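Q: Sequence:
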Amino acid sequence: VHPHGTWGVIGAAIAVGRLKSLAHPAMRELINVAATMGMATSRYTLLDGATVRNIYTGHSGFMGLMAVRLVEAGFTGEVDGLKSIYGSVLADGFDPEAVVAGLGRDWLIADGYFKLHSAGRGTHSAIDALEAALAKSPGGRIDTEKVERIEVRTYKVSASPAAMLSNKAVTNSFGAKFSIPFALATILHHGHSDVACFDDTAVANPKVQALAARVEVEEEPAYTAAYPREQICNVKLVLNDGMTFEGRCTVMKGEPGNPHKPEDLERKFFELGTPIWGEEVARRLFQGCMRLEDIPDFRAFAADLSL
Numbered sequence: 001v002h003p004h005g006t007w008g009v010i011g012a013a014i015a016v017g018r019l020k021s022l023a024h025p026a027m028r029e030l031i032n033v034a035a036t037m038g039m040a041t042s043r044y045t046l047l048d049g050a051t052v053r054n055i056y057t058g059h060s061g062f063m064g065l066m067a068v069r070l071v072e073a074g075f076t077g078e079v080d081g082l083k084s085i086y087g088s089v090l091a092d093g094f095d096p097e098a099v100v101a102g103l104g105r106d107w108l109i110a111d112g113y114f115k116l117h118s119a120g121r122g123t124h125s126a127i128d129a130l131e132a133a134l135a136k137s138p139g140g141r142i143d144t145e146k147v148e149r150i151e152v153r154t155y156k157v158s159a160s161p162a163a164m165l166s167n168k169a170v171t172n173s174f175g176a177k178f179s180i181p182f183a184l185a186t187i188l189h190h191g192h193s194d195v196a197c198f199d200d201t202a203v204a205n206p207k208v209q210a211l212a213a214r215v216e217v218e219e220e221p222a223y224t225a226a227y228p229r230e231q232i233c234n235v236k237l238v239l240n241d242g243m244t245f246e247g248r249c250t251v252m253k254g255e256p257g258n259p260h261k262p263e264d265l266e267r268k269f270f271e272l273g274t275p276i277w278g279e280e281v282a283r284r285l286f287q288g289c290m291r292l293e294d295i296p297d298f299r300a301f302a303a304d305l306s307l
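So the sequence shown is numbered by this note's numbering: it starts at 1 and just counts up by one.
Derived by calculation from the structure, the hints in this document are not laboratory data. Only a predicted model underlies this, so the values are computations on that prediction, with no experimental measurement involved. Do not rely on the hints blindly, as some may be mistaken.
[To be verified] In silico DMTMM-like pairs for lysine to aspartate or glutamate, Cα to Cα no more than 25 angstroms straight-line:
1. 268 x 199
2. 236 x 220
3. 156 x 216
4. 136 x 220
5. 268 x 111
6. 146 x 131
Using the sequences provided together with the hints, build the complete structure.
A: The structure is reproduced here in structure tokens:
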């Protein structure tokens with residue numbers, strides 16, 4: 001199960017319920033209704049590069065809104081929808097005490113993960129380990145023609161084969177972002193991990209594809225046992241002349257325990273936003289977001305920056 005289309009329904013429903021100041025009985029009903037409105041999502045979409053995966057988050061938000069409307073119209077849910085759905089249907093266990101632990105005190109948004117690499121999060125520890133290996137090479141670069149093979153030992157996030165992100169037969173841009181072999185190959189070839197490294201042109205590059213075919217990804221059970229507290233990955237570059245360069249990632253960059261520098265996040269914002277909005281709007285949006293706590297009414301902020 002891919003989580004993007006599951007628990008998001010609950011979050012959206014509760015947020016809207018709060019904005020509407022629903023009374024306790026209605027909020028309880030809303031949670032039970034929303035619990036059963038998640039999607040049947042699959043992680044295999046990542047390996048196939050199936051872009052239906054990109055609707056999971058938006059669709060779960062939409063269903064959260066729909067859940068509120070259904071409750072307002074009189075629809076009801078089962079008595080304990082959370083226990084039923086998350087205890088045996090979408091997951092194999094539900095702990096109600098864990099759900100409310102730290103409620104109103106600990107804000108999970110502060111523990112979010114920030115991406116700088118233009119690929120799926122599951123590839124990032126391997127990319128960080130690759131960068132650590134490259135840092136040991138002269139000039140921080142390696143001639144890809146001299147790479148005999150790349151050995152990767154990493155963790156699995158679930159029992160699903162899709163959890164290894166080890167697909168070498170990448171055929172499209174979306175699938176490229178969820179392939180450790182392709183990610184390492186394209187970064188070695190291009191020298192960076194920006195958006196262009198994972199576009200259709202990069203996927204069609206025979207040199208990148210040939211290098212990806214020389215990447216072997218294997219699970220290290222001890223690393224899997226340490227996940228999610230740590231996201232351990234070892235990368236070993238073996239050259240044709242017998243030289244090797246090794247790198248290791250324990251906690252990937254962007255995690256709360258290994259945060260990016262603010263200036264790196266700012267650079268990423270403009271790298272992604274400027275081509276879409278233009279420099280002026282991107283700058284205004286960035287400056288506005290940096291003072292959200294001073295904005296009394298978000299509607300005015302949104303209207304001022306309508307695109």
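Q: Take the hints in turn and mark each one as holding or not.
A: Quick rundown of the hints versus the structure:
At most 25 angstroms may separate the alpha-carbon atoms for a hinted pair to count; residue 268 and residue 199 meet this at roughly 17 angstroms. Using a Cα cut-off of 25 angstroms, the hinted pair residue 236 and residue 220 holds, with the two alpha carbons roughly 14 angstroms apart. At most 25 angstroms may separate the alpha-carbon atoms for a hinted pair to count; residue 156 and residue 216 meet this at roughly 15 angstroms. In summary, the hint linking residue 136 to residue 220 is supported, as the alpha carbons are separated by about 24 angstroms, within the 25 angstroms threshold.
A distance of roughly 19 angstroms separates the Cα atoms of residue 268 and residue 111; the hinted pair therefore holds under the 25 angstroms criterion. Pair hint residue 146 plus residue 131 holds up; C-alpha atoms about 17 angstroms apart against a cutoff of 25 angstroms.
Hint compliance for this structure: no hint is broken.
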